[in-house]
Every structure is written in structure tokens, then in C-alpha cells.
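Residues per chain, in single letters:
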Amino acid sequence: MALRRRTLLAGGLAAGAGLTSGCAGKPLDSLLTQAAHVPRTPATLVWWVSEIPSRNGPVVADLIIRAFERRHPHLRVRKSNALSTTDGNRAAVTTQLAGASPTPDVYLGDTTWPAQFGANSLALPVQTLLPKDFWSDYPAALRRVSEYRGTVYALPFFTDNSFLFYRKDLLAKHGLPVPRTWEELLRTARRIQRAGDAAYGFLWQASVSESLTCNVTEFLADAQAPVLDRAGRVALSGPGAERAFALMREFTETGVTPRTVTTYAEADSQDAFTGGRGVFLRNWSYAWGNAADRSVSKVAGRVGVVPRPGFDGDGPRGVSCAGGWSNFVNPNSQHLGAAVAFARFCAGEEAQMILLKHAGVIPALDDVLTRPEARRVGDPTLTRARELRLVARPVQTPYYPQVSKALYTQANAVTGGRATPAQAVRAARADIRTALEGRAL
Amino acid sequence: MNAVTSSATVPRSPAPPPAGPRTGPVPRGGGPARVSRRKRARTGWFFASPALLTIAAVTVFPVLFSVVLSFADVRLEYGGFRLLSLTGDHYAAVLSSPEWRHALLFTFGFTAVTVLLELVLGTAAALVLERLGAARGWVLAVLLLPWALINVVAAQLWGYLFNGTYGGLTWLFEQILGHQPDILGQPASAMGAMVVVDVWKTTPFVAIVVLAGLMLIPGDVYEAAEIDGAGAWTTFWKVTLPQLRPIMAIAVLFRILQAFGIFDLPFVLTQGGPGTATESLAILGYKTLFQNLDIGRGAAVATTSAVIVIGCCLLFLRVFRTQADEGGRA
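Here the protein sequences come in this chain order: A and B. The numbering of the first sequence is our numbering, which starts it at 1 and goes up by one. The numbering of the second sequence is our numbering, which starts it at 1 and goes up by one.
Be a bit skeptical, because a hint or two may be false.
To be verified - Residues of chain A clear of chain B, computed beta-carbon distances all greater than 12 Å:
1. P73
2. E147
3. G278
4. A292
5. G337
6. E350
7. R384
8. V391
9. Q402
Said to hold, decoys possible - Per label pair, the in silico range of CB-to-CB distance:
10. A:R433 to B:F61: 35 to 45 Å
11. B:L161 to A:P58: 50 to 60 Å
12. A:P58 to B:I55: 25 to 35 Å
13. B:S96 to A:P58: 47 to 57 Å
Simulated from the structure, these hints should not be mistaken for laboratory data. Glycine included, C-beta positions come from ideal geometry on N, C-alpha and C.
Please build the complete structure, drawing on both the sequences and the hints.
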């Protein structure tokens, strides 16, 4: 019996090993040749897309698909509904792609994915398929996050920019201006809190997740402290980094930010703000729609939005993490040419104008933001998006998830009062180095 | 449910290889009985084969595949993936990493504390339930509600209660303590909260298993104890508990398997935070595999978890073997 069991196990292992090594790779050149031409024969593409926030009812993805199909009558696009969270999406889509599934042909993915997906051959390198001046119409930070080792793996679709939302009524009541620095924001918030007009001063996101990495990236950029240097080595250290971490601690220490911020993701901070409990909120541009919607927001009509403050001194202001979603092409797609055409269409003017008019997101194409239609929509995050100073997260490494974890774990500890800023910077630096060496889990 | 529990249970479940009727034991007597027995065996295998094939496809193969991956240096390529070599590097990396050690410690602690609490509370609840007369059905139904809830739903429900902005429990503690507590934001309270939710959710399971055991104890044992002049306490320790041991062993075994693979609670409540305080082995495996796309190491985390939990269960069974055997005969 024992022998037989062992035979079975060995047989199974051998079969598994055989199957694992049985899959053969395809040469990239032939894929790119296929991808360079839109086929003239009918084809149906599958687009993996999560729900795009809609400004006025219609399903935005459907509008874009219909517009594409009008341009290419022999091509059809079918939606495959993606999940609502970035990490859930990544798990689902990578499971399919790693198994060499030909669908989805095009998938909408986070702007933090290109390096990781490029390094693992899960996305088609599209750089050579684009005209030379393609990127001149998009924010430079968006191009930086879309490439890995000089090759582009994602086509821009829409961006998420962060802003400072504030209560116009409370500032007016106390005769205070909109703060331009963090120091001023701390003073303003405390004054309004002391008067009993708001429970919380400043709401942001500090739960152990990518949300916190975005916040940390912005605070570090405010303090002009890079995470990685130009060669991609860890650079996080020194007084700048400590200043950023110390600010996060100061918010919770002074009570301007509730201590429970260490469990806040975007929705939690937004709920507290739209519930009328906070003076300031750092959130993505889509929060404007919710804050201004009378059916979900107690503070609708009393909210203002400005670019984020900076530190006292001559450092940068209006920093925003470059967030957003891009389209990736599945290298195993059987309709590579059509897939690339669709991804490019989504990045192009027609689709971007649909986003501008109907979606509660910021189109990636810079130019459409200056159109008169942008003003007519009445969303200040659209008209002010070009004032922002976009900063990329350190995503140019296939080990980005581990780098991000190193950042958010330590920032969470500082904010929760479990580490000093100096300790946290030191620990984060060590953890990032381990991550970049590919040794972190 | 998740990689760890599913793989953990598997090596116990694969069916033995089909021992063909020719090689099977020959019944004594021979003759017509032998033929009919062989025929019956063949029919048996025939009817069992769909189930065996299904088990092989959905359980045995994925587990073996995962074990292969844990030793393999896998490279994803256009058009598929390639296995480069078989090494033990992933195990070396996993076992020596502080993340894994931390997750192991948390998972062990969580398992030990919750299983112990659930055993004590579940037994107490079962003892009370046994004494209830007509109301038992109703009380049981209410008691079983948490157990019947889907794990993720239960976790989400408690997530709302613990929420820092509008959570009912946060508000309650604020009234008592005078300041807003950061329940899920501090390591100790986050771990405590997770234990509370798990105990709330799974104590009914232990209670119902123990209750079944209680109802199997013959009444004359108690009569004998009464005649011997044993008090309630002595009766419990010397009569009830020894009789319950086998069934308690089964309950504990089930709970160890489940608790060790805990995924949904930390995933929904804390995402493994604050810091990495509540990062269980299952969460670590998920992050390694699906966030980091580190296939070999992710598989190694899952495999080591499975090996550890099987080891724990075997050890536990050995300790309780005598009692379990008695239970089997009863």
C-alpha cells in the first residue's frame, strides 16, 4: 500500500512537471507583426472592464464600444465584467493570462501594473506599434508608469487625480482662507474643531493598502524626498522623508485626523466627509461627484475642491499621485491587431471626449481638458486637473507590490503611533531594499 | 475556501489507486463466491469511478500541481509558462523570511486561542442546551445563525460594527471609555477583535457537535454515578467529559483545519493590518501568489502551511487516539 501511494505521488508529480514544462513560448516578433495590422475579417473582442463611474446615467463602456464598432463595422466588442478592487482584478486577470487564455483580448488595469505585467509577459509591449509622438498628448507621469525598461505595456485610458476637498461653509464661518500649506491646514482644522463645528479636521487614507502608498507618495513628494533614485535603487532617507512621515504622525497626534484613519480606505474617509464630520478630505477626483450628490451627501453644495497643499517654504504644491486605469493587450489574444486598435481607440480623442462628457473620471488625453465642454460639465476636478503636479509611485520595478507593502506597513505604524518617523523611515528603507532584491514575500 | 484549507485537507482524501479485482484479496472458500465477489468489486469500481475521477481532477491534480510549482522555477512567457528547473530555493526563501515567521506565529496563536475558547464555550453551551426541554429546537436555531452565515458576510457585518466612523461598537466603547477606540487599528485589539468574531461564528458548530455527543451518552452511566454518590461536578469530570472526548477530538480537529487556514476574516476586517499584525499564512500565500505573482514562493507558502496543519492534526490524533478508538466502537 505504502509503495503504491508513493508511486501515485511520484506519477502525479511527474505528470505535473511534464505539463508545466510542456507549454511553449511564442516569439515576440511574430506577435508584434500580427498586432500591427487590423484584420479585415470579422472578429469579436472581449474587453475586461470594471464599471466606469458615470456622470449622467448611461453605461460609459457601452458608449465607447458602440463608437468603436461604428468605426470598425466588422469588429465586435463584448464586455467581461471585472471586479471592483484593483487587487481582486489582478488576481483574476493574472490567473487567466498565466494560463495562456486568449481572452480577455484587452483588459483594463491599474497604472501600477505595467512593470510587473511586462516582466511576466502578461501584457503585449505596444511601444513599437505607436507613432513616435504618441505620448506628447498625455501627462508625462502617465508615460513613466506605463513603461518598464524603456518599453510601454499599457495604453492610457483615464486618470485618477487627488485633490483637497474642503467645507466652504465652515471656512467662511470662521473667516479663514483655504490653506495652502500643511502647517496652515493643521491650524485651520484645529480652530474649527475646537469651536465644535466638525469632529474631524483632515480625513485621508492610512489603512494597510495601496491607498496609503498613494498618500505616502504625495507626502514624500511634498517634502521632496524620492523613494527610488534614477537608477532604481532605494533613496528613501534623510530629513525630507522624516518630515513627510512626521506630518502623518502629527495629524493623528493632534487629533486633526481621527486615530481610526489607520483603518480608512477611500470609501471610509469619503463617508465621514459626506456625513458632515470633517473639514478637509484628501481623495480622488471621483469623490467630487459623490460629495456634490444631494442623495448621498449631507454637505452637497458646501464643498470646494483645490489642489493639495504643500509644506511651508518653496516646495511643490498641488502634488497628486498619478493614479488611473489603462488598457493592456493580452499577448495570447487571437485578434492582436483588433485588440491593439481597440486599446488605441480608447486612448484616442473620440473615446476621451465620451469620458469627458459622461464619465466621472479624468480623461487621460490632456488636450480634451481644455475644451469648452470640460467647463460645461461643471466638475472642478476636470478644469483644475492640469494645474496638478503628477507624481508617479515607484512602479518601475516588477517588485512594486512588495515595495508598496514596505511603504504602507511602515507609514501605518507611524500614523498609529507604533513607530517614530525616524524608525519608520529606516525600516521602510531596509524593507524596500529587500523588496528590490526580490527577497521579500 | 482557500488554498491552505483546501490543500490541507487533500492528502487525507485522495482515493487509493484502484486495486484491480485481480490483485484484490481472494476470499476464503473460492468457487462461485469468488466470482461473485470479483464481479461485485468490478461493479463497485465502475460506479465509483466518476467520483474518483472528479476527485482526481479537482483535488488531487491541483494539489500535486501546486507541490510541483513550489519546487519549480517558473517563468511566464508569451503563450504560456515554462518550467526552468526544480529546486528547493522557494522553501529556503519562505522559511527564512520574517514575513513567513510572523504569519506562522499569528496563525498558530489565532488557532490555539480560538479553538480553546470555542471548545470551552461550545461545551458549556451544549450542556445548557441538553437540559432545555421543548425550547431546545428554537434556541438551537438561533444559536446556529452565526454558523450559518457565510464567512465573508459575517466578517463584513463585524467590519461595520468596528468601523471607526459609524461603527456601533466603536460608538459603544466611546461612551464607556470617553475616547474613540481604534479597534482594528492597533495590533492587540485587532487580533482580539478577530478572535471575538471567530469565536462568535464557530462556537455554535462546536456546541452542536458536543451536543450530539452528549445525547449519545447512555443514561445508566449517570444512574450509576448517582448511586455511587457523585456530585454534579464529579459527574461532569469523571463521567461526562471522558465520554465526550472522542467527539470533542473530532470537533477540535475540524476547527484546527479551519482556523489554520483563516483567510476571510483578516482579509475583510484588516487586510492583514495594522502593519502586518493579522497577516495569516493564507493571506501571505495569497499576496505572494496573486499580488506579487511569485508563483513558486506562493505555492511554497501554501504547501508548508498544508504540511504543518497535517502534522498538527496527526499529532493531535495520536494524543487522542485511544479515546477516538473507543468512540468508534461505542
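To see whether the hints hold, each was checked on the structure:
Non-interface call for P73 of chain A relative to chain B: holds, since the shortest CB-CB distance, roughly 30 Å, exceeds 12 Å. Every Cβ of chain B is farther than 12 Å from the Cβ of E147 of chain A; the closest lies at roughly 18 Å, confirming the non-interface assignment. Distance to chain B contradicts G278 of chain A as a non-interface residue, since its nearest Cβ pair spans about 9 Å, not more than 12 Å. For A292 of chain A, the non-interface assignment is confirmed: its Cβ lies about 20 Å from the closest Cβ of chain B, beyond the 12 Å cut-off.
Chain B leaves G337 of chain A outside its interface by the beta-carbon criterion, the shortest separation being 16 Å against a cut-off of 12 Å. The claim that E350 of chain A is not at the interface with chain B holds, since no C-beta of that chain comes within 12 Å of its own (minimum 30 Å). Every Cβ of chain B is farther than 12 Å from the Cβ of R384 of chain A; the closest lies at roughly 27 Å, confirming the non-interface assignment. No Cβ of chain B comes within 12 Å of the Cβ of V391 of chain A; the nearest lies about 22 Å off, and the non-interface call holds.
Non-interface status of Q402 of chain A relative to chain B is broken: a Cβ of that chain comes within 12 Å, the nearest being about 6 Å off. Against the hinted window of 35 to 45 Å, the Cβ-Cβ separation of R433 of chain A and F61 of chain B comes to about 39 Å, which satisfies the hint. Our hint of 50 to 60 Å for L161 of chain B and P58 of chain A is violated, since their Cβ atoms are close to 37 Å apart. Distance hint check: the CB atoms of P58 of chain A and I55 of chain B are about 48 Å apart, inconsistent with the given range 25 to 35 Å.
At roughly 54 Å, the beta-carbon separation of S96 of chain B and P58 of chain A lies within the given 47 to 57 Å, and the hint holds.
Violated hints, listed in ascending order, are 3, 9, 11 and 12; each of the other numbered hints is respected by the structure.
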